[in-house]
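J.: Letter by letter, the chains look like this.
Number of protein chains: 2
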Amino acid sequence: MNQIVYLVPLLGLVGLLVMAVKSAWVNKQETGDENMNRLASYIAKGAMAFLKAEWKVLSYFAIIAAILLAWSGTLVENSHPMIAVAFLIGAVLSALAGYIGMNIATKANVRTTQAARTSLAKALKVSFNGGTVMGLGVAGLAIIGLGSLFILFYNMFVPIGTSNMETAIEVLAGFSLGAESIALFARVGGGIYTKAADVGADLVGKVEAGIPEDDVRNPATIADNVGDNVGDVAGMGADLFGSYVATILATMVLGQEIKLPNNDISPVLLPMLIAGMGLIFSIVGTWFTRIKNETDSVQNALNMGNWSSIILTAIASYFLVDYILPNGTLTLRGFEFTKMGVFSSIIVGLVVGALMSIVTEYYTAMGKRPVNSIIQKSATGHATNIIGGLSVGMESTVIPILVLAAGIITSYSFAGLYGVAIAAAGMMATTAMQLAIDAFGPIADNAGGIAEMSQLPPEVRERTDNLDAVGNTTAATGKGFAIASAALTSLALFAAFVGVAGIDAINIYKAPVLAALFIGGMIPFIFSSLAIAAVGRAAMDMVNEVRRQFREIPGIMEYKAQPEYEKCVAISTKASLREMLAPGAIALLVPVLVGFGFKGVFPDTSSAEILGGLLAGVTVSGVLMGIFQNNAGGAWDNAKKSFEKGVEINGETFYKKSEPHKASVTGDTVGDPFKDTSGPSMNILIKLMSIVSLVIAPHISTASHGADKDCCKNKTEVCASENPHMNGKCDMTLCATMSKDECAKMCDSLGCDSTQKAHCLSMYDANGNWIGQCPADKMECQGDADGKCCKGETEKACAADPASCKNKAEGKACCKDKH
Amino acid sequence: MNQIVYLVPLLGLVGLLVMAVKSAWVNKQETGDENMNRLASYIAKGAMAFLKAEWKVLSYFAIIAAILLAWSGTLVENSHPMIAVAFLIGAVLSALAGYIGMNIATKANVRTTQAARTSLAKALKVSFNGGTVMGLGVAGLAIIGLGSLFILFYNMFVPIGTSNMETAIEVLAGFSLGAESIALFARVGGGIYTKAADVGADLVGKVEAGIPEDDVRNPATIADNVGDNVGDVAGMGADLFGSYVATILATMVLGQEIKLPNNDISPVLLPMLIAGMGLIFSIVGTWFTRIKNETDSVQNALNMGNWSSIILTAIASYFLVDYILPNGTLTLRGFEFTKMGVFSSIIVGLVVGALMSIVTEYYTAMGKRPVNSIIQKSATGHATNIIGGLSVGMESTVIPILVLAAGIITSYSFAGLYGVAIAAAGMMATTAMQLAIDAFGPIADNAGGIAEMSQLPPEVRERTDNLDAVGNTTAATGKGFAIASAALTSLALFAAFVGVAGIDAINIYKAPVLAALFIGGMIPFIFSSLAIAAVGRAAMDMVNEVRRQFREIPGIMEYKAQPEYEKCVAISTKASLREMLAPGAIALLVPVLVGFGFKGVFPDTSSAEILGGLLAGVTVSGVLMGIFQNNAGGAWDNAKKSFEKGVEINGETFYKKSEPHKASVTGDTVGDPFKDTSGPSMNILIKLMSIVSLVIAPHISTASHGADKDCCKNKTEVCASENPHMNGKCDMTLCATMSKDECAKMCDSLGCDSTQKAHCLSMYDANGNWIGQCPADKMECQGDADGKCCKGETEKACAADPASCKNKAEGKACCKDKH
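Chains A and B, in that order, give the protein sequences. When we follow my numbering, the leftmost residue of the first sequence carries the number 1, and every step to the right adds one. When we follow my numbering, the leftmost residue of the second sequence carries the number 1, and every step to the right adds one.
Derived by calculation from the structure, the hints in this document are not laboratory data. Take the hints with a grain of salt, since some may be wrong.
Just so you know, same-sequence chains aren't split out, so a pair can sit in one copy or run between any two.
What the hints assert, rightly or not - SDA-like, lysine to any residue: derived pairs with alpha carbons at most 20 Å apart:
| # | residue 1 | residue 2 |
| --- | --- | --- |
| 1 | Lys599 | Thr410 |
| 2 | Lys510 | Ala406 |
| 3 | Lys657 | Leu761 |
| 4 | Lys645 | Asn372 |
| 5 | Lys662 | Val207 |
| 6 | Lys259 | Asp748 |
| 7 | Lys122 | Leu75 |
| 8 | Lys599 | Ile409 |
| 9 | Lys662 | Ala379 |
| 10 | Lys259 | Asn155 |
| 11 | Lys599 | Ala406 |
| 12 | Lys599 | Arg38 |
| 13 | Lys125 | Thr410 |
| 14 | Lys510 | Val403 |
| 15 | Lys745 | Leu96 |
| 16 | Lys510 | Gly334 |
| 17 | Lys510 | Thr410 |
| 18 | Lys368 | His661 |
| 19 | Lys510 | Ile409 |
| 20 | Lys52 | Tyr323 |
| 21 | Lys599 | Leu589 |
The structure presented is a predicted model; accordingly, all values stated were derived computationally and were not measured.
Given the sequences, and given the hints that come with them, work out the whole structure.
T.: Written out as structure tokens, the structure is:
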């Protein structure tokens with residue numbers, strides 16, 4: 001293996017070291033007066049309480065899932081019980097990533113408030129450094145985890161000279177499964193938590209009691225601020241950790257199918273190296289993210305940081321791709337491409353990501369046509385505001401889908417399926433920077449909340465509001481980026497699944513596949529329904545509790561009595577844990593049920609193909625629902641925010657508390673679960689279902705048993721697991737016609753090494769007769785005489801790559817029955 | 001051809017005769033006092049004005065489209081300029097079906113009001129007879145049109161003894177295209193009209209001015225009542241006319257691929273005969289639809305009529321299938337089935353339709369869990385009501401999709417793709433009855449409006465309200481039925497498209513196909529966005545006009561001045577005509593652009609396959625969005641209606657004008673364009689795009705030219721158009737090796753008839769030498785020696801049915817390059 005692989009965990013380590021330095025810096029900042037500290041500690045305690053409760057529930061799930069995985073790993077050739085270990089490490093690191101983010105966010109929030117008492121520049125520095133800690137933590141842990149586990153599994157499963165890479169990668173998929181399943185629960189649970197608290201606090205506090213947002217008298221205000229941390233920070237951290245890992249993994253799975261001479265596994269290493277490089281350039285990018293004066297644009301500072309890291313990564317990846325990939329033609333499933341095609345695909349990924357961000361910003365930004373149209377419709381009431389938002393959200397799917405479709409086709413045309421995957425990996429390379437920018441938003445939001453609750457002077461709130469407003473825009477563009485990368489990653493995982501499952505087409509013209517496509521398309525609908533209904537239910541519990549406290553605790557409104565914050569925190573915690581289970585179960589169980597339930601049911605259609613149809617349905621519908629919900633929610637939010645500065649409708653100017661503003665608040669409230677609960681969960685849903693399918697693929701594979709043995713018809717069968725790489729020259733099929741002695745001589749004359757020779761000779765019995773048999777499940781096809789097909793590949797790889805068969809003349813035994 | 005085919009237009013004629021009798025009966029009924037007549041004439045005039053304006057716009061479209069079709073019909077072998085004539089007849093009959101419905105509805109409405117002054121039974125009789133006229137008109141015209149055109153085209157294109165059925169059916173597809181494209185514009189235009197008027201009238205009249213619904217002082221009230229007729233009656237009539245025709249046609253297209261001995265075309269005739277039979281049993285069903293007393297259940301009476309016609313049709317279809325289809329095995333694209341499989345598929349269709357109706361009713365009916373959950377959420381405001389409705393709508397997709405998926409798989413397993421199509425045809429058989437029940441709703445609604453505007457005694461309004469409430473339920477179940485049949489029909493059309501386009505798989509694992517799947521999935525989103533935004537815009541124009549009239553015309557509120565109804569009618573008319581163009585253009589143009597735009601762009605992927613991916617995306621996403629929007633809208637509507645009788649929320653009872661009721665009105669207003677504009681349009685969207693694809697399929701077919709000629713490699717080529725059916729025994733390939741005399745002798749000895757003998761001998765030149773050549777575009781593959789493949793089929797049929805090739809041993813020239 002190329003020694004450069006050791007660079008991967010090393011780069012991750014650099015990220016974590018820089019994170020530690022930044023974290024220490026944030027901790028060193030002033031925390032303000034006692035009141036601020038008290039409020040901040042309520043938030044921190046509430047957040048930790050939620051995380052602990054969530055971890056407890058998830059640990060049961062993780063243990064059961066790990067046991068099942070370990071058991072399943074013993075059943076098929078291409079897996080291994082180690083997959084359970086990988087799964088648990090993925091789950092723990094994902095949770096840890098969320099914890100790091102939340103821990104720093106609950107410290108950075110009050111410090112940002114305090115910093116905002118002196119200057120905007122200082123406040124930006126504290127909040128952005130808080131975000132950076134999280135970004136580096138997530139990316140660093142992901143790279144260290146993936147890198148070291150890859151090295152471990154490579155050394156375990158791929159003894160020198162053989163190429164049983166498939167098992168190593170399949171086991172590594174467990175890591176991604178662990179990361180992504182924790183991410184789903186964290187995202188959904190956190191999303192329900194934060195929106196239940198937010199909606200509940202607003203409906204009673206703002207609407208009924210008429211007190212401002214984040215007022216200390218509102219019993220749900222602490223829960224609301226906790227929600228920002230557990231949903232927008234911890235949930236998002238786990239989410240992006242999962243995406244990041246899944247994207248890299250999908251590229252590795254496809255990369256290992258590109259067979260190169262001399263054990264060259266550079267296509268497998270490339271995505272990890274790009275990620276490592278992106279991490280370093282994200283650190284560089286943070287240097288550019290600063291302002292000097294009160295009037296400097298915060299948005300520009302963030303853009304500077306973001307774009308410098310993206311452009312540096314793009315430039316560097318040219319040299320990396322050129323250095324690491326071999327010259328000449330690379331082939332994946334019959335598609336031929338060059339290393340410059342791979343680089344072009346990376347650029348396609350960056351362009352697609354940038355376009356998606358721009359479109360998302362257009363549809364959700366204040367002052368643009370979509371948000372303005374919602375504002376105009378607010379004049380005729382709640383209903384027309386809602387109609388306007390729904391219409392904007394649906395419309396906003398058009399350009400992103402066209403961009404995505406163009407991205408799929410162009411990246412495919414540059415470098416086949418590997419191109420699609422590496423485009424996603426390129427897009428995700430600067431995740432650390434993306435996340436720093438994303439996490440800065442909720443920190444600033446929290447800082448504003450603390451300023452309001454502590455009744456600090458108005459200029460403090462003004463500064464945090466400035467940061468918060470920018471945070472809303474970055475949150476929207478971040479979501480555009482996230483859904484684009486999720487879509488490309490799902491396609492890459494989809495392609496990886498097809499390969500591992502050993503099918504060569506997913507033909508929607510077959511009735512069961514088409515039926516599965518319908519069912520897959522339906523899943524994002526029921527998932528969204530469950531998520532937003534959960535928010536509705538939890539918010540109603542919250543409303544009732546807040547109303548009860550206002551009623552039963554005298555003196556709250558006069559600041560004489562303190563509300564029972566912890567009861568509201570407990571309601572959100574309990575509700576989110578209860579409600580996250582059903583959507584999570586759908587995502588995890590449906591692929592398993594379909595994959596195993598339809599195994600062997602239809603004579604012409606394998607369950608793998610049916611599952612493929614299901615995944616396609618989930619992906620298409622999930623991407624659409626994700627974009628629709630994120631953008632509708634974002635547009636409603638900013639339509640409401642526009643009223644703060646006053647908006648003109650039919651020549652009249654309206655402000656807060658006007659009738660049109662009330663209509664816009666309705667839209668915002670409807671949009672809350674859209675944009676912060678169900679919308680962002682779509683990313684994880686589509687990826688998680690693909691990963692689950694990938695993990696079960698060896699179990700439902702059509703290629704590893706039965707009829708497909710025909711691939712090796714008339715071939716000498718040798719044991720896969722005991723088969724050292726024979727280099728072509730030490731052809732064991734020759735020995736089959738020789739005596740043991742003749743074989744030994746031939747081995748010597750051909751220059752086979754001792755392992756190879758020993759292997760050949762092990763095929764003779766004590767009497768020197770050729771036996772050459774091994775257990776049926778370990779047989780592999782040793783190859784055609786001309787070496788073009790099946791050589792050194794298991795039957796399954798042959799079945800998975802019918803294109804290589806198609807390229808050949810007809811009549812070769814290996815290929816004849818395959819196309 | 002089986003003489004039974006002449007029964008088809010005959011049955012249609014029976015339907016029209018019964019319609020004439022019923023229509024005369026309705027016309028004979030009393031029309032009430034002068035005031036009622038005046039109001040009714042406003043409505044009738046407004047409706048006619050809209051229809052005329054719409055027809056004018058659509059006639060331009062129809063003429064241009066017909067010219068293009070006629071031209072395109074000259075370009076390929078399997079089409080013919082006659083397709084333009086078929087298209088125009090389809091368009092005209094579709095418009096006529098809408099007109100018949102609207103004409104009777106605007107007469108039946110005031111007569112129902114007058115009847116309601118005496119008894120509920122009488123009112124039901126008048127309104128239901130009005131509905132029946134429409135139902136019989138639509139079904140009768142469809143059957144006469146399809147039946148006579150089929151007879152015409154069959155005689156034109158399929159001279160006795162040959163089997164060029166494909167062209168006949170392809171040309172007949174023009175009829176369906178005409179019907180469905182008018183249906184789309186009528187549905188979308190009508191939907192925008194009715195909801196713009198409804199929302200506009202409600203927002204100013206009910207909410208701002210505080211006057212009741214249908215109050216004569218409201219300037220938009222006439223437009224609102226016109227809307228019920230142009231949207232819910234004329235739009236729905238054209239819609240169901242289109243669906244009905246498309247369903248039958250799709251089954252015929254697949255039926256002609258089932259090759260039977262002795263020119264047996266019974267699989268082609270079966271769907272038309274089932275439809276004819278369903279029409280007769282719908283007439284029988286109307287006899288059961290009556291009540292005797294004021295307290296009898298109207299719903300039960302309608303159910304009696306509906307179920308008796310369904311059950312009778314099911315029983316009769318057993319005997320029909322048994323009589324008309326041959327014993328033994330039928331084969332379609334390699335799938336073998338028997339006639340009892342076909343009957344089972346019909347039953348599957350009926351069961352799916354019934355289940356869909358039941359589920360739809362559950363999700364939209366008062367007193368059930370979904371509507372109750374929305375009511376409960378209305379207590380906490382507008383936003384939670386909206387969240388509740390969206391959540392219910394999304395949830396409501398689950399069971400219908402599972403039912404549909406099960407329906408696809410089971411009907412396929414019974415009779416292959418023909419089974420899927422015939423299931424849809426069975427489901428649509430009693431369209432006349434379905435439509436009678438559907439159309440009765442808006443008639444009763446209008447009758448109530450006239451009662452209110454004419455200030456008739458309250459018991460009159462009570463009786464019409466009773467009918468109207470039942471009408472709401474039947475409208476919801478009708479929509480469930482409609483979307484189920486649309487989904488199955490689209491699949492059948494999809495399969496038909498695949499056959500005509502000559503592709504044997506739609507592999508979503510190919511990048512361009514997957515990209516097309518995404519784009520297809522996006523189309524229902526942009527279509528819905530355009531439709532609901534159009535309603536929003538038009539409603540705002542209406543609001544401004546109504547506000548202006550209240551402001552500028554003194555005395556309206558005191559009944560002293562009459563509002564300018566015609567201005568509101570003009571606004572709705574203009575807006576709906578303007579706004580229907582963009583969504584209509586998307587549906588019509590996208591398949592054409594994709595089909596021709598990607599022709600030859602990708603080496604491995606034909607544009608037909610890409611278009612197939614697009615259609616799959618449209619169908620899945622369209623069915624989901626249709627169910628979601630219809631059911632969310634229906635549930636919101638009934639949540640609002642529940643407040644009329646009072647609802648209990650947390651122990652307190654709320655009535656109209658309470659805060660929760662206001663929230664529920666918001667939901668209802670949002671739901672209006674969902675359930676009456678964009679939701680029902682999804683049916684037509686998915687079918688229309690499939691039909692457009694089917695019509696262009698011969699032009700983008702991969703099989704008819706070029707490389708596929710290889711299918712006939714080494715074969716004697718004979719002229720397709722001049723080739724009488726050779727019955728197997730008169731094998732012309734034998735003559736190729738003989739002299740002219742030898743051939744003549746052989747023909748005599750084999751018992752070939754004179755046409756066949758003459759055909760064989762025409763292949764010799766004046767000198768008695770075998771020439772056997774004919775123009776390249778008329779060549780066909782005469783078949784392999786063993787007769788298993790290609791025999792009597794054109795190359796394209798061979799290419800379209802690779803399964804029959806796969807079943808054979810390798811090496812036959814006809815099949816070798818095909819699988």
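J.: Have a look at Lys122 and Leu75 and pick one of within, between, both or neither, based on CA distance no larger than 20 Å.
T.: neither (58 Å within a copy, 72 Å between copies)
J.: Checking Lys259 and Asp748: alpha-carbon separation at most 20 Å within a copy, between copies, both or neither?
T.: neither (27 Å within a copy, 65 Å between copies)
J.: Quick one: Lys510 to Ala406, C-alpha cut-off 20 Å, is that within a copy, between copies, both, or neither?
T.: Answer is between; shortest inter-copy Cα gap is 14 Å, intra-copy 27 Å.
J.: As a check of your reading, is Lys510 near Val403 (CA-CA no more than 20 Å) within one copy, between copies, both or neither?
T.: Answer is between; shortest inter-copy Cα gap is 17 Å, intra-copy 29 Å.
J.: Is it within, between, both, or neither for Lys52 and Tyr323, if the alpha carbons may be no more than 20 Å apart?
T.: Neither: 46 Å inside a copy, 71 Å across copies.
J.: Is it within a copy, between copies, both, or neither that the alpha carbon of Lys599 lies no farther than 20 Å from that of Thr410?
T.: between (35 Å within a copy, 17 Å between copies)
J.: When no copy is named, should Lys599 and Leu589 be tagged within, between, both, or neither for a Cα gap of at most 20 Å?
T.: within (15 Å within a copy, 40 Å between copies)
J.: Since the copies are identical, ignore which copy is meant and state whether Lys510 and Thr410 lie within 20 Å (CA to CA) inside a copy, between copies, both or neither.
T.: between (28 Å within a copy, 13 Å between copies)
J.: When no copy is specified for Lys510 and Ile409, does a C-alpha distance of 20 Å or less occur within a copy, between copies, both, or neither?
T.: The answer is between: 9 Å across copies meets 20 Å, while 24 Å in one copy does not.
J.: When no copy is named, should Lys645 and Asn372 be tagged within, between, both, or neither for a Cα gap of at most 20 Å?
T.: Classified as within; 14 Å inside a copy, 39 Å across copies.
J.: Is the C-alpha distance from Lys745 to Leu96 at most 20 Å within one copy, between copies, in both cases, or in neither?
T.: Neither: 58 Å inside a chain and 91 Å across chains, both beyond 20 Å.
J.: Between copies, within a copy, both or neither: which fits Lys599 and Arg38 at Cα up to 20 Å?
T.: Answer is neither: 58 Å inside a copy and 68 Å across each miss the 20 Å cutoff.
The structure does not agree with the numbered hints 3, 6, 7, 12, 13, 15, 20 stated previously, though it agrees with the rest.
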